[in-house]
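Could you slot chain B onto chain A? The hints should help.
One letter stands for each residue in the lines below.
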Amino acid sequence: MGKIEWAMWANEQSLAAGLIYATGGIVGVAGQFRGWQFAAFGIAAGVFVCLLEYPRSKRGKGTSVERTGQYCFTVCVNAFGPLTRNYYVRAFLHAALCVPGGFMLATVLGCVCLGIASLIYLSAAIHGEHWEPILPRTEPPKRVGDSIKEPPQNPPPRPPPELRRKKADKLETAAYDNPMSVTVNE
Amino acid sequence: MGNWIINHGLSAFILVVWMGINIFLFVYYYLFYDQGPQFEYTRELLGSALPWARAPAAVLNFNCMLILLPVCRNLLSLLRGSFICCGRTMRKQLDKNLTFHKLVAYMIALMTAVHTVAHLLNAEWYTNSFQGQYGPLAGNLSMLDDSSELKTTYLNPVRSNSTTPTLLVFTTIAGLTGVVITLALILMITSSMEVIRRSYYEVFWYTHHLFIIFFAGLVFHGAGRIVRSQQVTDPPHNTSFCEDQPENWGKNPECPIPQFAGGFPQTWMWVIGPMIIYLCERLLRFIRYMQPVSYRKIVIRPSKVLELQLVKPGFKMAVGQYVFLNCPAISQLEWHPFTMTSAPEEDFFSVHIRSVGDWTEDLIKMVENLPEGGQGPKMAVDGPFGTASEDVFDYEVSMLVGAGIGVTPFASILKSIWYKFKDSDPKLRTKRIYFYWLCRETYAFEWFADLLQVLEKEMEERGMRDFLTYKLYLTGWDQSHVNHAMVHFDKDTDINTGLKQKTSYGRPNWDKEFEQVRQENPSSVVGTFLCGPQALAKDLEKKCVKYSEVDPRKTKFYFNKENF
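Chains as they are written, first to last, in numbering that gives the first Met the number 0: chain A, 0 to 185; chain B, 0 to 563.
Heads up, some of the hints might be wrong.
Stated by the list, open to error - Rough simulated footprint, nothing fancy, chain B against chain A, three-plus residues with beta-carbon under 8 angstroms:
#1 7 to 13
#2 20 to 30
#3 108 to 121
The set of hints was computed from the structure by calculation and includes no laboratory data. Ideal Cβ positions, reconstructed from N, Cα and C, are used throughout, including at glycine.
So here's chain A without its partners, still in its complex pose (with noise of 0.2 angstroms):
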């Protein structure tokens, strides 16, 4: 598996991760579960995790593929900087957020998916891995020869006065005549 770029993966298992943690904490809270403190946390964790991993990175090698409506989902995550781009932050903050979804059972299941995910993640951070976000492409691509249509605004180079100036002594076979005086001494 050379070539793996681990965090594609984790993208996708910590995104799952996120909506069955919220949909485990919307259950406890709705059912009103022993323990629906952790079911609400559950909610926040999953939403939190779902709108982090929603938009996905540009991949390192190959076409990216983006989200529908990743773009704004994009702009926000890449403005956190390095917190955000950086793989082994990513791992933690999944593995920290996961442990209280462990207490209760309905929150248990995504705790595990979460947990594994952070554990992709950590795998892609030690592969030397970070986040780059997918943005339009801003510059044109360039048109050659739209000049040409122009006219030329300068003359076409001449070689130096020195070398334009014909020679005194060889009037008699010049091509043309003088129209101004060409030696230096008049």
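Using the frame of chain A, we list chain B on its own:
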């Protein structure tokens, strides 16, 4: 509307039947657990969460049975062979096996979600019942214990005050297996997402083997018999009369203590068949792995395409089929599919391998370092497995569209045509073939151009120029191509391929092509075969529907797509 029926009718019918069975199972088992009198007391503890858990369980049983079948490729090949009598519409359905597999997987995921949520509620309600939060009837029911002196059997799996829902789940077989297999399912699904599958195939392939854990857990999931139903006692216990006086049970002759027993686990009955079939498939693959395969010829073509000509005793193939290759020197566990490019009439089979990922690159590197004329690395071959290309000779007229390396199955077909012509094979029903080859760069043409040149000559010699009409499209052209073409425009043969047929630049105008085929073949059934990208498949499928007429006297287009 009629065109849609021709091309999609059978698929839609199968989907409707499948969905119908799902809905029937859900409703039937929901009502069974919601209204069955033997669950009256269970419902006292759990409310409607019981039927909400059991109904998806039934749907899950059905779908877990189905999910293994579409990937039993040898079984599908067997079915395809036996459907020769029943027409090509039936056989075309077997091409959509992976789509069906994914659909069933989505249903399993959805039902697992419903089932899990319902059981979360159940675990909580059971615990609450035991702690007396639901009134005297529920409390008394929960107090019933498995005791031979008191002659009681338990109803509530929660047996002590210190049991929390979490503890209940992790100390019962059903709970533990449930968590494990749900986890396996989640990991399988996240690693099967399109992004992961297309770019990092190994992650998908290895993680998907978690299905072994899934099925193992699934079979034992019901072994704890945790869903209890009321048994008939002698004298009988009338629930509607006795439920108001739980304190009199056992003392009153009309209300003996109710007895409960767990339901017999049924999931294994659903899934054991497909599990055995799939086991046979893998066994067959292992047997084929042990069979010796020798190299007849190894050629490294331009643009990093590797051609391997292999010989395996007892190997028989049909046109356009594919094989799975395994090279233990590169990876013990990976099997990768490749379409065969040789014709069945030849005494060897060949594959053209392009460098697309780890495995293929390693193979090409290994082969490049071989000594001249040496044997290649040990290779195991599983297959052959059938694809839609087998049907190409059944249609009177065939349109073959190959994009880039997707032209490989058609290499096999065209070679086979050449051999069949030489032998004047009467099995050849095809009267005309239109071949469209779309390619981005010129340098990928060489290995196929040789074949086309030979065919061109053969057709001319036999005066059969109309039989094969082929058009080549260079879709990645730029200014340099234009300049080159302008300079050589009056040459007899094409500058890119050396063939008499000139290469066209850009993508084909499919409306024009379909119109031309329709005009030249007014009352035929035309089969369109594509091996290429999904976008092109959608395009061609639409055109097939657009240009088909329900009237049997007019032209009908059928679309066949190939994919791995």
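Of all the hints numbered above, which does this structure not satisfy? Sort the numbers upward. none
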